[in-house]
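> Please take these sequences and the hints and turn them into a complete structure.
Each chain, letter by letter, is given below.
There are 2 protein chains.
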Amino acid sequence: MRIVFSKLWMVIESLCQYLNIMSDKPTTIKEIAKILKISVSTVSRALNDHSSIGLTTKMRVKKLAAELNYEPNQKAIQFLQGKSHIIGVILPELSESFFSTAISGIEDVAYKRNYTVLLAQSHDDADREKLLVEKMKTQRVDGLLVSVSKTTSTYEHFEVFKKLNIPVVFFDRIPPIKDIHYVASNLENGTYEAVNFLLKKGHRTIGMINGPTTLVASHERKEGYIKAMISNRLKFDPSLIVSCDLSESGTIEVMNTMLNHRRKPTAIVTFNDYVALFAMRHTRSLELEGIDFVSYANLPIINYMDYTPIASVEQFPYKQGKKAADILIDLINRPKNETGTEQAYFNVVVESELIIPNPK
Amino acid sequence: MRIVFSKLWMVIESLCQYLNIMSDKPTTIKEIAKILKISVSTVSRALNDHSSIGLTTKMRVKKLAAELNYEPNQKAIQFLQGKSHIIGVILPELSESFFSTAISGIEDVAYKRNYTVLLAQSHDDADREKLLVEKMKTQRVDGLLVSVSKTTSTYEHFEVFKKLNIPVVFFDRIPPIKDIHYVASNLENGTYEAVNFLLKKGHRTIGMINGPTTLVASHERKEGYIKAMISNRLKFDPSLIVSCDLSESGTIEVMNTMLNHRRKPTAIVTFNDYVALFAMRHTRSLELEGIDFVSYANLPIINYMDYTPIASVEQFPYKQGKKAADILIDLINRPKNETGTEQAYFNVVVESELIIPNPK
DNA sequence: TATTTTCAAACAAACGTTTGCGCACATTTT
DNA sequence: AAAATGTGCGCAAACGTTTGTTTGAAAATA
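Taken in sequence, the protein lines are chains A and B.
Each residue of the first sequence is one higher than the one before, starting from 15 at the first, in the working numbering.
Each residue of the second sequence is one higher than the one before, starting from 15 at the first, in the working numbering.
No copy is singled out in the list; a pair is fine if it fits within one copy or between any two copies.
Derived DSS-like pairs: lysine-lysine, alpha-carbon spacing no greater than 25 Å straight-line:
(1) LYS39 - LYS97
(2) LYS151 - LYS192
(3) LYS151 - LYS44
(4) LYS126 - LYS164
(5) LYS151 - LYS126
(6) LYS176 - LYS77
(7) LYS77 - LYS144
(8) LYS97 - LYS151
(9) LYS44 - LYS76
For the record, the hints were derived by calculation from the structure and aren't laboratory data.
Encoded structure:
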């Protein structure tokens, strides 16, 4: 009697589960096993097309799985395998065109290689960045992509990841420390091309509105400038390169000193497109004409402007993002580093390039 | 003899683990338990400040945990609790200022409420959107925030989430279907203010470059326009509102018809800032002056332009993102919907507002 | 002293999946 | 006929944590 009852109950139970009445919870492999009266492992192997499972069983399992809308519980799998298939990305500002383009590159690589992207903006705030790093750690991302904030001056918060064996790749804004993986652009080359371009156009007095001297990027620009002058056998005049805080007022200030220079430049290379726009607006307000501007970034907004730089140095953010993500995922999937063998660090430089728009 | 050996081995083992020599793997609660010779559950409860654990034990556990750099394995916890504390966000384009601002609002709420953000861009491609939805599903996000792509015309791919009991909240670009949660802006109000503003400035013939008639947003703009005319006891002339595909050439085309209109407008409301810039550039090229432009979006690039609309309708993307994220997380954490009780749908409208910049 | 209450800690199950090992049966080879 | 090989599947452990229940001892009450 008891046996009959329990058997009856089992039938009812499977039936209900089959019709998905009793639970709103997602179907599991267990339920499939129970209904089909086979073991869980068989179901698992059947769904994964394991060679040791008969064709008929596979069919039966797959059919029922489809009917029950079975979806493997990723959380269980992630837990079991110790992988989340999530990469974390921390960057300063998505509203900066460079980063919103870079993230597209990152995303594209991630999806292609079966990863998803956990995103966070530091808004150029070092404290927030630390907090985000913490978040990424507790989420146990499989890897981390970082472009550090302008205000970050210490870098210990990234150390934890080494201990946890979670690879970190920096891109664009990289910290000035050793033993890191990074992808960045080299502006020296682009600057060289830019100055060369201006020289070929006949300019002989070329000014440069550079950024704060603390930035690596400023240094690279300067080097490119010098290199171009030297390779054209021209004398390099250091006073033609001025530093600027990149604000509008700062730009106007240095523009004024530039215009009062004993050798007034006929062309100016500016730190970025925004500085270029400020500077050009200023010269127009002074009703000065004929100064050629070359800039960096090649922002899309340039297409909407009335007055634009005649050329721009492109840093290929999409390419940089793509490269960084590729390296990161390679690092995630590399074989375990044997104890003792020191690992190599990826230091990739994406060359910048001068873009000369078609004259209208 | 055997006993001595096994005991010795255990000591060595704990010692090694204590010094973190043997494994590069993260410390677990188990190891702590073994070293302290207490049970796992005690350790777990001690770390979580459970009331039934003695103060001394708590101290011992916490001290050792700190020394071993213990970090709870989130994957295990997520698996156990069936929650990932991740919300998915699918939106068309981060390079559009609206979305990069909105995501900041989403992020801020998410972090405040202890969630992280899994991001994906559809690039306005319906197929890609479907794929991303699939990704989000397999990642089993706790909730989903979506701004649908321009090319999306079917919406079944979102249905799955209902079955999985994963809440979905749409924002800004919402699908034209019933029974969804959404946050969107109402442009009628902002348009009303915009037209009113122009009327107060003395304009009597106000044109409007509207978007495709299929868009809800176009309809709202039109309604706002009409409402303003009526409330000022002015006749509404439908021929002053023209549809445009929002491209530069399309804009120029409709501008020409507008300028050849028997009642040439003295002010024009344009669908967005880009259309405004195209239109203004065109009028300048025709050396027409004196037409006032009002637009939508209030993009940051406006600050860099020489000629800008005299006012802009702001849609508060940050606020919209924030609101949408808040609703989503509320939905995630709401008590289980009892069977039978139909749940309500959140339909939130963020009012738009006319922003008039300080005249320079 | 006998009973109940309180406190501290242990036990064990559970979450869903994968995977190494082993068993039983069938087929082929010696 | 015995042995080797192959096929199809089940058993059980493992991943790290939380949590309901249980146990044991000490303290408080009767």
